[in-house]
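*Asks:* The opening position of the sequence shown corresponds to residue 1 in full-length UniProt numbering, with each subsequent residue numbered one higher.
For the record, the hints were derived by calculation from the structure and aren't laboratory data.
Any given hint could be a false lead.
As the list claims (entries may be wrong) - Simulated pairs of lysine-lysine, DSSO-like, Cα-Cα distance not exceeding 30 Å:
{"#": "1", "residue 1": "K437", "residue 2": "K422"}
{"#": "2", "residue 1": "K502", "residue 2": "K426"}
{"#": "3", "residue 1": "K706", "residue 2": "K694"}
{"#": "4", "residue 1": "K75", "residue 2": "K108"}
{"#": "5", "residue 1": "K573", "residue 2": "K555"}
{"#": "6", "residue 1": "K83", "residue 2": "K227"}
{"#": "7", "residue 1": "K697", "residue 2": "K600"}
{"#": "8", "residue 1": "K355", "residue 2": "K502"}
{"#": "9", "residue 1": "K414", "residue 2": "K491"}
{"#": "10", "residue 1": "K299", "residue 2": "K324"}
{"#": "11", "residue 1": "K600", "residue 2": "K623"}
{"#": "12", "residue 1": "K762", "residue 2": "K659"}
{"#": "13", "residue 1": "K617", "residue 2": "K694"}
{"#": "14", "residue 1": "K617", "residue 2": "K768"}
{"#": "15", "residue 1": "K491", "residue 2": "K555"}
{"#": "16", "residue 1": "K491", "residue 2": "K324"}
{"#": "17", "residue 1": "K426", "residue 2": "K372"}
As the list claims (entries may be wrong) - Derived Cβ-Cβ restraints for the label pairs, each shown as a range:
{"#": "18", "residue 1": "A578", "residue 2": "G598", "range": "18 to 24 Å"}
{"#": "19", "residue 1": "D11", "residue 2": "E74", "range": "36 to 42 Å"}
{"#": "20", "residue 1": "T557", "residue 2": "N760", "range": "46 to 52 Å"}
{"#": "21", "residue 1": "N760", "residue 2": "K606", "range": "27 to 33 Å"}
{"#": "22", "residue 1": "K666", "residue 2": "L3", "range": "43 to 49 Å"}
{"#": "23", "residue 1": "K513", "residue 2": "G598", "range": "25 to 31 Å"}
{"#": "24", "residue 1": "S378", "residue 2": "Q70", "range": "45 to 51 Å"}
Virtual Cβ for every residue (Gly too), placed ideally from N, Cα, C.
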Amino acid sequence: MNLETPKLVWDKLQGEFEGSEKVKTVRLLTLKREFELMKMKDDESIKDYSGRIMDVVNQMRLLGEAFTDQKVVEKIMVSVPQKFEAKISAIEESCDLQTLTIVELTSKLHAQEQRVLMRGDEATEGAYQAITRERILETCKERSSSRTTKGKLKGLQEKENFRLALIVEEPTMLRKIVGTKQPEQNASVTEEDKNDDEHLFMASQALSSHELNTWLIDSGCTSHMTKYLSIFTSIDRSVQPKVKLGNGEVVQAKGKWTIAISTKRGTKIVTNVLYIPDLDQNLLSVAQMLRNGYAVSFKENFCFITNIDESVVWHKRYGHFNLKSLRFMQEAGMVEAMPEISVNAQTCESCELGKQQRQPFPQNMSKKATHKLELIHSYICGPMSTASLSNNVYFALFIDDLSRMTWVYFLKTKSQVLSVFKSFKKMVETQSGQNVKVLRTDNGANGVSERKNKTVMEMARCMLFEKKLPKLLWAEAVNTSRGKLDERAKKGVFVGYAAESKGYRIYSLSRMKIVISIDVHFDENSYWNWDLKKVHKCDQTTPSILEPQKVQSLKPTCYMEVARFLEWIEAMKAEIYAIERNGTWKLTELPEAKNAIGVKWVFKTKFNSDGSIFRHKARLVLKGFAQVAGVDYGDTFAPVARHDTIRLLLTLAGQMGWKVYHLDVKSAFLNGILLEEIYVQQPEGFEVIGHEHKVYKLHKALYGLKQAPRAWYSRIDSHLIQLGFKRSENEATLYLKQNDDGLQLVVSLYVDDMLVTGSNVKLLADFKMEMQDVFEMSDLGIMNYFLGMEIYQCN
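Generate the whole structure from the sequences, applying the supplied hints.
*Replies:* See below:
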């Protein structure tokens, strides 16, 4: 490798080990999925589990993902086993989850874990009395006069007062017991080990069958169980929990591992099955399958176990085809090897974006109008592609509900609708002698004539949004104009019902306003994350292949928004401390005939040259708009350095080989001496207890005061002149000092920032000391970042 500079070496190493943007994106997606699927194992401590999560989180952070600690806290709380449920509930009640740290959470859970270990309590498998295979068959024979086996089992259930279990032995066994149709089941089950307390509602000691393929589908059992060791591929003997039966007897499990079950669709692997030699029947746990993401549904005489993930995959393979139609295709045998399709799969976001359509607002059919003008329907159509002779592109229809009399008005713009309706209302009320009581609009109903185009476009949109493909790939296929492939739906939050029409009030997240619509599909399993964070700078970004949207950053605007954040509280305390130490005001009673001017907090985050946060700044400003000219203030003008002056100063320093230093005067406006008598209210959040009715009298200026810039400039100007500086005749913010030895010192003033350069280092140091004796200043050293410019000073 022949590289001449360190920069080229670094770029080569970065490209070699970090990978391209595409590789990083794929890696980040993989890590996100791994994070979402992580769960705590039985033999894993809370420390090990949190460490495993943080390994994945740190890898995502190294790839540029902004991953907050609150997300990690939420992940741990929802993915730990049930034995921590009581502790999690206590933490939710007693702690603020927004400020709870990862260390605090893991410490609390670790303490709970240690207490359980010290007690020596073993995880106990609970079991309740169930019916046996022989008893089910005997009861079914005794009640053979019933028309359906469903009725037989229902009667048995009511008589014996226990939950129902179905025995599945051979392909014909279920048909013998519960019906004539053999269901096609997808019983593939895999799941992570849970350390829950196991409850078995229907285990008993009465089943005498020794067939290996006899299984009970149990709705109360919390873990799969079997008595046959031979069906295990291997077994972990270290897992030996106890099972408590309904009669109080406790049996010992001898291990846990994986088994294989033969089904019509092949052999299915089931994990985490307990081996209990003293058990008399094999049990498939409905609860365990549900925890693993499977859908279990009971329909008529059959139990359907389906893999939701496989249903979603086939839904996407067929261009986001309707799940009910896919289910019909599977049941009819139209597609070979298609698994059992669940119609209860989770909401498909791509379908919502691609298939959403407008629906007409429902009409109240329970009551018809009984008088003329009691109900008027309104419909607006347009814009038309070609304007009329009068340049109209819209038309409005008004239809009387009783007589179906119709009036039409032509419009140039939609904004004319209100004036047209007023004219229409006045005309019909005059002619009929009755009043218009209700006006009902359709909010833009869709026509049926575009159904074929709608179907094609829905499938194209769904596939585009699903794989994030650029629109140009489908342009030739759909042969349509721009805009047809845009999203058909927008995300929003339901906030209430509309009073004027039969619609919903939705807060639009993209438009940031309330809209009324009937075209709404609710996803009740999702919620919007309102904890938005402002991102100032991102080193590397992946360009969007769809249409980019601008996002507005949020920043604090009032005291109430920052009252619970420590960094902003400290910033406000620092501002109050600077004001009081400077002798800016004095607490006093408000004299008669005087008005106290209000104050407010202004918040700002300052950044370094590399984009990192430098500090949080809180500024107390006066509401200067309440001041009266000639009474509360006189002159307000104060000069600031022009950019030409700053460039001239940098040019002079570069030519002479001088260093330019940056000084920052803290709370500069607080140093200005006031000549007027000004009273202000106490700042919010810092009222003096017991003296809330009093006000502050200002001796020095505050930010927001109209004369504050003028007062500060007068103060700093007089001080520099006292130090021997001469003000430039052409630039009021440029000062020059020259001693008897010919040494020079140049100062440029920009509000509270000072740029200083000179020919002698000692002269510069003496000037800094003289300024710091009078004003509270920050010496920022050699200037490298000023007014948005980054300056590099070399030797």
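*Asks:* Hints first: check each against the structure and report whether it holds.
*Replies:* Here is what the structure says about each hint:
| no. | hint | result |
| --- | --- | --- |
| 1 | K437 - K422 | holds (13 Å) |
| 2 | K502 - K426 | holds (26 Å) |
| 3 | K706 - K694 | holds (23 Å) |
| 4 | K75 - K108 | holds (15 Å) |
| 5 | K573 - K555 | holds (19 Å) |
| 6 | K83 - K227 | holds (26 Å) |
| 7 | K697 - K600 | holds (16 Å) |
| 8 | K355 - K502 | holds (22 Å) |
| 9 | K414 - K491 | holds (26 Å) |
| 10 | K299 - K324 | holds (15 Å) |
| 11 | K600 - K623 | holds (7 Å) |
| 12 | K762 - K659 | holds (13 Å) |
| 13 | K617 - K694 | holds (27 Å) |
| 14 | K617 - K768 | holds (24 Å) |
| 15 | K491 - K555 | holds (23 Å) |
| 16 | K491 - K324 | holds (25 Å) |
| 17 | K426 - K372 | holds (14 Å) |
| 18 | A578 - G598: 18 to 24 Å | holds (20 Å) |
| 19 | D11 - E74: 36 to 42 Å | holds (38 Å) |
| 20 | T557 - N760: 46 to 52 Å | holds (48 Å) |
| 21 | N760 - K606: 27 to 33 Å | holds (32 Å) |
| 22 | K666 - L3: 43 to 49 Å | holds (47 Å) |
| 23 | K513 - G598: 25 to 31 Å | holds (30 Å) |
| 24 | S378 - Q70: 45 to 51 Å | holds (49 Å) |
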